[in-house]
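Dock chain Z against chain P, hints included.
As given, the protein sequences belong to chains P and Z, one line each in that order.
In this text, residue positions in the first sequence follow the numbering used here: the first is 1, and each later residue adds one.
In this text, residue positions in the second sequence follow the numbering used here: the first is 115, and each later residue adds one.
Think of the hints as simulated: they come from the structure by calculation, not from any bench.
A hint or two may mislead.
BS3-like mimics (lysine-lysine), calculated; alpha carbons at most 25 Å apart, straight line [unchecked claim]:
#1 K171(Z) to K123(Z)
#2 K41(P) to K101(P)
#3 K185(Z) to K171(Z)
#4 K68(P) to K56(P)
#5 K41(P) to K123(Z)
#6 K17(P) to K101(P)
#7 K56(P) to K3(P)
#8 K101(P) to K68(P)
#9 K171(Z) to K101(P)
#10 K128(Z) to K101(P)
#11 K68(P) to K17(P)
#12 K171(Z) to K3(P)
Beyond 12 Å from chain Z on every Cβ pair, some chain P residues (computed) [to be verified]:
#13 N18
#14 G40
#15 N52
#16 L61
#17 D66
#18 A85
#19 K101
#20 G107
C-beta atoms are modelled at their ideal positions from N, C-alpha and C, and glycine is treated no differently.
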Amino acid sequence: ELKVEQNPLFLSMQEGKNYTIYCNYSTTSDRLYWYRQDPGKSLESLFVLLSNGAVKQEGRLMASLDTKARLSTLHITAAVHDLSATYFCAVDEGSNFGNEKLTFGTGTRLTIIP
Amino acid sequence: NAGVTQTPKFQVLKTGQSMTLQCAQDMNHNSMYWYRQDPGMGLRLIYYSASEGTTDKGEVPNGYNVSRLNKREFSLRLESAAPSQTSVYFCASTQRTGPVWGQRSNQPQHFGDGTRLSIL
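Only chain P is shown next, with the shape it has when bound in the complex:
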C-alpha cells in the first residue's frame, strides 16, 4: 500500500523567507503532483512532475522530484502573504500507462506572517 507523508504539517513563516516542504512516498512511482487548497475552496493544480530529476518553477514556487529517494520538494522563495494555503502532494500509484489513481499526502498548512 502506497503511503505518502508530508512534512511539516504546519508551517508558519515570515514574509521574505525561504522554506521547503517535503513529500516522501513509500513505493516506486515516477509521477507526482502538487496542489494548492485555499480554506473552504477546491484544489488547484500547481505542478506535474513526470520523471526523475524533474524540476518545475512558477513564480516563487519550485518543485522537484527524486524518484530514487522517493522524495519531492516544494521550495518557497521570498514568501509573500498570498502563498498562505494548504499544499498537498499526490503520488500516482499506477504502473500502467494512463493510470492516474492518486494517493494524497495529509497536506502542509502554510501561513505567511507579514
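Chain Z alone, transformed into the frame defined by chain P:
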C-alpha cells in the same frame, strides 16, 4: 469555463437518509473520481471510473455506490447515511491517456468545488 461542476454545494442529512451527489465535467475527460476530505487529512479516494462504463473501488468505498452515467457524469450515492460520512466530497476528472495510444497522460486531475455534507 465550467470545468467540473458538483451539486449540491451543501447538504444536511439525518442518519439513515439517502442521497446522491452529482458531478459533471465538460472537458471530455475519460477518467472521473470521487474523494472525501476530512479535517486535518488529505483526500481519500472513494471510487473512480477510468472510462465510461467502468468503475472501481478506491481506499474507502464502504457505504457508497457510484454510477458513471455517461462520459460527462459520475454520481456518488449514500444509501443509508451515517455520521461518519460527514465530510467534504470532491469530484475530479482527468484525461487518462495521452494523444497517442499507449502514451501516458501528463495531465493533472481537475477538481470541482466540493459538496459539504453533514449527517446528524
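Hints versus structure:
For the given pair, K171(Z) sits about 24 Å from K123(Z) by alpha-carbon distance, which is consistent with the 25 Å threshold. Taken as a hint, the K41(P) and K101(P) pair is honoured in the structure, with Cα atoms around 22 Å apart against an allowance of 25 Å. Between K185(Z) and K171(Z) the alpha-carbon distance is near 18 Å, which keeps this suggested pair within the 25 Å criterion. Proposed proximity of K68(P) and K56(P) is supported: the alpha carbons are some 18 Å apart, at most 25 Å.
Only pairs whose Cα atoms come within 25 Å are accepted, and K41(P) paired with K123(Z) is accepted, the gap being roughly 11 Å. Proposed proximity of K17(P) and K101(P) is contradicted: the alpha carbons are some 35 Å apart, above 25 Å. For the proposed pair K56(P) and K3(P), the alpha carbon gap of about 23 Å is at most 25 Å, so the pair holds. Taken as a hint, the K101(P) and K68(P) pair is honoured in the structure, with Cα atoms around 21 Å apart against an allowance of 25 Å.
About 11 Å separates the Cα atoms of K171(Z) and K101(P), which keeps this hinted pair within 25 Å; it holds. For the hint linking K128(Z) to K101(P), the alpha-carbon distance of about 32 Å lies beyond 25 Å, and the restraint is violated. Pair hint K68(P) plus K17(P) does not hold up; C-alpha atoms about 29 Å apart against a cutoff of 25 Å. Under the criterion of a C-alpha separation no larger than 25 Å, the hint pairing K171(Z) with K3(P) is consistent with the structure, at around 18 Å.
The Cβ of N18(P) sits about 25 Å from the closest Cβ of chain Z, beyond the 12 Å cut-off, so the non-interface label holds. Consistency note on G40(P): stated as away from chain Z, yet its beta-carbon is not over 12 Å from all of that chain's, at 8 Å minimum. For N52(P), the requirement that its beta carbon stay farther than 12 Å from each beta carbon of chain Z is met, with the minimum near 15 Å. Every CB of chain Z is more than 12 Å from the CB of L61(P) (nearest about 15 Å), matching its label as outside the interface.
With a least beta-carbon separation of about 19 Å from chain Z, D66(P) lies farther than 12 Å from that chain, consistent with its non-interface assignment. The Cβ of A85(P) sits about 14 Å from the closest Cβ of chain Z, beyond the 12 Å cut-off, so the non-interface label holds. The non-interface label for K101(P) is inconsistent with chain Z: the shortest C-beta to C-beta separation is roughly 6 Å, within 12 Å. Non-interface call for G107(P) relative to chain Z: violated, since the shortest CB-CB distance, roughly 5 Å, does not exceed 12 Å.
Of the numbered hints stated above, those contradicted by the structure are hints 6, 10, 11, 14, 19, 20, listed in ascending order.
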